[in-house]
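**Q** In case you want the letters, here they are:
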Amino acid sequence: MQLDPVLVLPDTDVPRGLLSRRSLLALLGAGGAVAAGSALGVLLTPHASAAQRGAAPSTLEEAELRWARSLAEGPLGALVAARSPYLFVLARTGDAGLVDGAERLAQLVLTVDGPLVAAGDREAVTRQLVESLRASGLVERDVRAAALVARLGGAR
Amino acid sequence: MTGWKLLAWVPGRAIQEPLPKPPLEIPDAVAEGGVLVIQVNTGVAEIGLVVPGHGTVLVPVPKDGRVEWRVPPDVPGGSTITVSDRNYPNPAGGAVDVVGSL
Chain A
0 MQLDPVLVLP
10 DTDVPRGLLS
20 RRSLLALLGA
30 GGAVAAGSAL
40 GVLLTPHASA
50 AQRGAAPSTL
60 EEAELRWARS
70 LAEGPLGALV
80 AARSPYLFVL
90 ARTGDAGLVD
100 GAERLAQLVL
110 TVDGPLVAAG
120 DREAVTRQLV
130 ESLRASGLVE
140 RDVRAAALVA
150 RLGGAR
Chain B
0 MTGWKLLAWV
10 PGRAIQEPLP
20 KPPLEIPDAV
30 AEGGVLVIQV
40 NTGVAEIGLV
50 VPGHGTVLVP
60 VPKDGRVEWR
70 VPPDVPGGST
80 ITVSDRNYPN
90 PAGGAVDVVG
100 SL
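Heads up: the sequence lines are chains A and B, in that order.
FYI, the numbering for the first sequence is 0 to 155, going by numbering that gives the first Met the number 0.
FYI, the numbering for the second sequence is 0 to 101, going by numbering that gives the first Met the number 0.
For the record, the hints were derived by calculation from the structure and aren't laboratory data.
Just so you know, even glycine gets a beta-carbon here, dropped at the ideal spot from N, CA and C.
Do not take every clue at face value.
[To be verified] Under 7 angstroms between C-beta atoms, here's a sample of chain A residues computed to sit facing chain B:
(1) Trp66
(2) Arg91
(3) Gln127
Go ahead and model the full structure; you've got the sequences and the hints to work with.
**A** As C-alpha cells, this is what we get:
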C-alpha cells in the first residue's frame, strides 16, 4: 500500500471575517436579551424600584431615627438639650418608640419644680410636644401618644 | 464686645478674634403669615420644620445659608414652630413662637 501525502489548505472561498461576524452577532443578541430582561425585571417589581429611588433619603431617615432612639434612652440632660431636633424626628417618622422620650420631656414640663427646663420655656416645650405628636400621626394610632397629648392639655 | 472674645491683653492693644458662629441663628418669634428668617451655618442642604397644622416641612438652604420661609397664614398666633438642621449626629434646633404681631 502506498500513502500519498495530502496537503490540507484553508478554503479560500469562505471569507475570513464571517465566523467572527457570527460570533459578534450572537454576542450582541445575548447582551440585548440580558438588558431587556433586566429592564423587564425592574418594571415588574415596583417595590424594588421604589427602594432604589428612595435610597438616599432613607439613609438620612435611618440615621436620624437611630440618633433619636439612642437619645430617648440616654441621659435626660442630652434629651432636653436636643429636644427640638428630637421632636422633629418624632413628627417626621411617626415612630412609636420615640414616645418614650416625649414622655420623659413631658414629665419635666409637668413637674412644677422640674429641673433642666427653665420655667419660661415650659409653655413653649409643651406646645412643641403637642404639635410634634399631632404631626407624627401617633395620636390616632398609639394609646400612649394620645394619653400624653391629653395630659399636656392638647385639647386647647 | 458682643460676639467677640478677648484673646490676649497687651497694654494699649487688644487682640481679638470673632467667636465661632452658632450652627443655627433662629429668631425667638415670627409674626402670623410673616417671613421666618433662619441663618444656617452648618452647610446642610435643607432644614426641617414642624409646622402646626402642616406636619413636617423641608426647606432648602441657599448657598449663603440664609433661609427665608413664609409662615402659612393659617398657622395661628400662640403656636410654636420647631426647627432642626438634621445634621446628625450633632443636630441643632430651636423653637420659634408665632405671634399675632411683632
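**Q** Give a verdict on every hint.
**A** Verification of the supplied hints:
1. The restraint placing Trp66 of chain A at the interface with chain B holds, with a minimum CB-CB distance near 5 angstroms, inside the 7 angstroms limit.
2. For the restraint placing Arg91 of chain A at the interface with chain B, the shortest Cβ-Cβ distance is roughly 4 angstroms, inside the 7 angstroms limit, so the hint holds.
3. The beta carbon of Gln127 of chain A comes within 5 angstroms of a beta carbon in chain B, closer than 7 angstroms, and the hint placing it at the interface holds.
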